[in-house]
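Peer 1: Based on the sequences and whatever the hints tell you, model everything.
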Amino acid sequence: MSTLNATEFALLDNVAGLDWAEVPECTGPELVRRTAAELARGGRLCAWFGVPEPAGTRIVAVLAFDADNTLAVARSVPLNVGYPALTLEHAGAHLFERELWEQHAIRPEGHPWLKPVRRTDEAGTAPSMGEFFRVEGREVHEVAVGPVHAGIIEPGHFRFQCAGEEVLHLEIALGYQHRGIEEALTGGPHPLTASQMEVVAGDVSIAHATAHAMLVEALAGSEPPLRAQWLRAVALELERLANHTGDLGALANDVAFLPTSAACGKIRGDFLNLTALVCGNRFGRGLVRPGGCRHDLEPARIAQLGDRLKSAMAEAERASAWLWDAATVRARFEDVGTVHAAQAAELGLVGPAARACGLVRDVRYTHPAGWHRLAQMPVAVWPGGDVFARARVRWLEVQRSGEFLGEQLSAGPEGPVREKLPGLLPDRLAVALVEGWRGEVCHVALTDSAGRFRRYKIVDPSFHNWTGLALALRGQAISDFPVCNKSFNLSYCGFDL
Amino acid sequence: MSTLLDILLRLTLWILLAPLLPGIINQVKAWVAGRRGPPVLQLYYDLSRLWRKSVVMSTLASPGFVAGPAVAWVALVGAAILLPIGPFGGGLSFKGDVILLVYLLAVARFCTTWAAMETGSAFEGMGAAREVSYAVLTEAALITAILALSVESGSVALDRMLALSAGTGAVLLAAGLFAVLLAENCRVPFDDPNTHLELTMIHEVMVLDHSGPPLAVILHGAALKLLLFAVLLSEAVLPMGRMSPLAATAALVGAVGAVTIGVGLVESLLARFAFRRVPLLLTIAFLLCLFALLLAWKGGPA
Numbered sequence: 023m024s025t026l027n028a029t030e031f032a033l034l035d036n037v038a039g040l041d042w043a044e045v046p047e048c049t050g051p052e053l054v055r056r057t058a059a060e061l062a063r064g065g066r067l068c069a070w071f072g073v074p075e076p077a078g079t080r081i082v083a084v085l086a087f088d089a090d091n092t093l094a095v096a097r098s099v100p101l102n103v104g105y106p107a108l109t110l111e112h113a114g115a116h117l118f119e120r121e122l123w124e125q126h127a128i129r130p131e132g133h134p135w136l137k138p139v140r141r142t143d144e145a146g147t148a149p150s151m152g153e154f155f156r157v158e159g160r161e162v163h164e165v166a167v168g169p170v171h172a173g174i175i176e177p178g179h180f181r182f183q184c185a186g187e188e189v190l191h192l193e194i195a196l197g198y199q200h201r202g203i204e205e206a207l208t209g210g211p212h213p214l215t216a217s218q219m220e221v222v223a224g225d226v227s228i229a230h231a232t233a234h235a236m237l238v239e240a241l242a243g244s245e246p247p248l249r250a251q252w253l254r255a256v257a258l259e260l261e262r263l264a265n266h267t268g269d270l271g272a273l274a275n276d277v278a279f280l281p282t283s284a285a286c287g288k289i290r291g292d293f294l295n296l297t298a299l300v301c302g303n304r305f306g307r308g309l310v311r312p313g314g315c316r317h318d319l320e321p322a323r324i325a326q327l328g329d330r331l332k333s334a335m336a337e338a339e340r341a342s343a344w345l346w347d348a349a350t351v352r353a354r355f356e357d358v359g360t361v362h363a364a365q366a367a368e369l370g371l372v373g374p375a376a377r378a379c380g381l382v383r384d385v386r387y388t389h390p391a392g393w394h395r396l397a398q399m400p401v402a403v404w405p406g407g408d409v410f411a412r413a414r415v416r417w418l419e420v421q422r423s424g425e426f427l428g429e430q431l432s433a434g435p436e437g438p439v440r441e442k443l444p445g446l447l448p449d450r451l452a453v454a455l456v457e458g459w460r461g462e463v464c465h466v467a468l469t470d471s472a473g474r475f476r477r478y479k480i481v482d483p484s485f486h487n488w489t490g491l492a493l494a495l496r497g498q499a500i501s502d503f504p505v506c507n508k509s510f511n512l513s514y515c516g517f518d519l
Numbered sequence: 009m010s011t012l013l014d015i016l017l018r019l020t021l022w023i024l025l026a027p028l029l030p031g032i033i034n035q036v037k038a039w040v041a042g043r044r045g046p047p048v049l050q051l052y053y054d055l056s057r058l059w060r061k062s063v064v065m066s067t068l069a070s071p072g073f074v075a076g077p078a079v080a081w082v083a084l085v086g087a088a089i090l091l092p093i094g095p096f097g098g099g100l101s102f103k104g105d106v107i108l109l110v111y112l113l114a115v116a117r118f119c120t121t122w123a124a125m126e127t128g129s130a131f132e133g134m135g136a137a138r139e140v141s142y143a144v145l146t147e148a149a150l151i152t153a154i155l156a157l158s159v160e161s162g163s164v165a166l167d168r169m170l171a172l173s174a175g176t177g178a179v180l181l182a183a184g185l186f187a188v189l190l191a192e193n194c195r196v197p198f199d200d201p202n203t204h205l206e207l208t209m210i211h212e213v214m215v216l217d218h219s220g221p222p223l224a225v226i227l228h229g230a231a232l233k234l235l236l237f238a239v240l241l242s243e244a245v246l247p248m249g250r251m252s253p254l255a256a257t258a259a260l261v262g263a264v265g266a267v268t269i270g271v272g273l274v275e276s277l278l279a280r281f282a283f284r285r286v287p288l289l290l291t292i293a294f295l296l297c298l299f300a301l302l303l304a305w306k307g308g309p310a
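In order, the protein sequences belong to chains A and B. Under this note's numbering, the first residue of the first sequence carries the number 23, and numbering increases by one thereafter. Under this note's numbering, the first residue of the second sequence carries the number 9, and numbering increases by one thereafter.
Errors might be hidden in some of the hints.
[Said to hold, decoys possible] Derived DEER-like restraints, expressed as beta-carbon distance ranges:
id	chain 1	residue 1	chain 2	residue 2	range
1	B	Asp14	A	Arg496	58 to 68 Å
2	A	Pro435	B	Ile269	55 to 65 Å
3	B	Ile32	A	His212	53 to 63 Å
4	B	Ile269	A	Asp347	18 to 28 Å
I should point out that these hints are in silico values taken from the structure, not numbers from a laboratory. Beta carbons are placed, not taken as given, at the ideal position from N, Cα and C, and that holds for glycine.
Peer 2: Next up, the structure:
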């Protein structure tokens, strides 16, 4: 990877910007060839999107080289018709290319499964799903689940091809919550943009808001006060604690293991209340803004936060011990919904789903930005790739986030938490990656000559990981779908944008 | 006339008491989890609420959609009347009534699955397939248990079969019948009565399209079945015939209560099994009943 050709891709750090003119340009097929070559060498596709121009649409490729702690960007010349699909060589690009085709009518030639990602149909009521993959045969039956589900969850359609209880193929069709977030950002940042970023996926408010804030700060060529970076890191781990604990409880609930399920529901609330202690909102809304944070923590509240964190961690310890000690639970988690490390790497899975396959993928560690440059924590990895591994990685991360907060709460730097932000620089491109609790949150923005957003691209970790869920179900019992689904716990609205 | 009165009394007793059991189970679960839980009488409230609602009928469904639950309920009530209540004996006791009991349970199952298939839903078909697949094993275990009781007592009338304890094999029989009770009534670890996940359900998924009074009938029938199995298990194990009527009644009530609390505790402390492991557990239940039969046959008097 050290042989990375810097003339083919412009290298940059996480949360850094460069002039649009400095991004190397090539033809469409050449961009595919270069990207494919870098992916084959161990790069990871973070984003692949179009920038519309009068002459056509440029494709922008953003890659991450985890081992080199560096990102790489390249772009194509304006295209009008098509280009040879990257998906043929790297399956992980398949949703990106479908999205590009849907948004800009640039056809990836040879794409094996070219259909809309989230576009609404003519009546404007439901996404246009196209044809679903079908398995033929006398013993095969089809089960359609959703978009309306039994629990209080988001809408999505799951189409199973089954032979008896065994799932042969699962196709996931989303897009029911497409609300045009990216389109609304063109010409921004608007007064409401920071609030909107907090609800790209409502349970990942801090991570998305932080990615957006860092991106805007990078485009403005400034850096927020150190204390704001520290506070963001604290809030990010609180968000992780709440969601991972909730997930462990939900996993227990799915296999009808009541003790952990009941306890984790309560402990998740305790962690959410800690976020509320920081900023007045349980999901951290209104805390992170470009230029810093809107709230500060005084010593008294830090002490209170530390005490309450300690007792919540002790309770979480007990509740999770019940889960790991129950043989009946292990029997349901182990060897269920396995994704192999090779599959995970090929698909470009991120977050706990990737780490549960033994892949060391953690933006906090490989592409540290903000406070994480100064305070690191070990990456939680578990081999196996099954439901058990994903549950286990969550628990490891709960422990490490707890330790991190225990150390960092008293180590906050002095100073203000917010500074006035200068205007955005014109014609700049910037990339910001943040490790949300679900995985890598990627925001990319390009400004126009007036310093307004010309194109804003959001890649939620769910965009990478939904295909992983579909693969995990191959050959599994259909009755194990809920527990597999919960072990990924992906976002619908983060995908739908 | 007195027979008619007797049967009416029994009917009232069975129908009124049945919805109490799920309430007790939920209380136990709530207590273990440290929650307050729904009221013990919640199912009564639910039933009265459902009874006052109207029915949403699928345009695809035949009258069997409503007839299925109704016939199943009648079959379960019939089975309940056959079952002796401790010292008071059975409502209609005759030689071979135990066989009718088994068949009435089978009729109830057939009608529930029939109604489930009516709407043509993929979920309900899946649930129905699971229900009848596991029934193959639970029925085998139940019939073996009945054979054990029959050999022990030398009779094929429920009154005499359940009067004495199952002898040396009583422990085996109790364990086997408890597993059958859990499986037949869709409790953890075989099924999860609380889940909202259609893909993992057995019984719950079969009633997804039912609403209003038919759903009330289904829920009441399920409660009735639970009580029926709890009474059957208690009487099979306890030597009722040797106790004074008062002691026998108290023992029966105590045993049914203990079984109910046991179900609640199992549900609180175990995760449910993956479907592929269910046949294994049911086979064990069958083997337990089989060994009880062998003991009754070769073991001599207790």
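Peer 1: Evaluate each hint against the coordinates.
Peer 2: Status of the hints after comparison with the structure:
1. Range check, Asp14/B to Arg496/A: Cβ separation about 60 Å, and the 58 to 68 Å hint holds.
2. Taking 55 to 65 Å as the suggested C-beta distance range, the pair Pro435/A and Ile269/B conforms, at roughly 57 Å.
3. Checked against the hint of 53 to 63 Å, the pair Ile32/B and His212/A passes, with Cβ atoms roughly 58 Å apart.
4. Between Ile269/B and Asp347/A the beta carbon distance is about 23 Å. The supplied range of 18 to 28 Å therefore holds.
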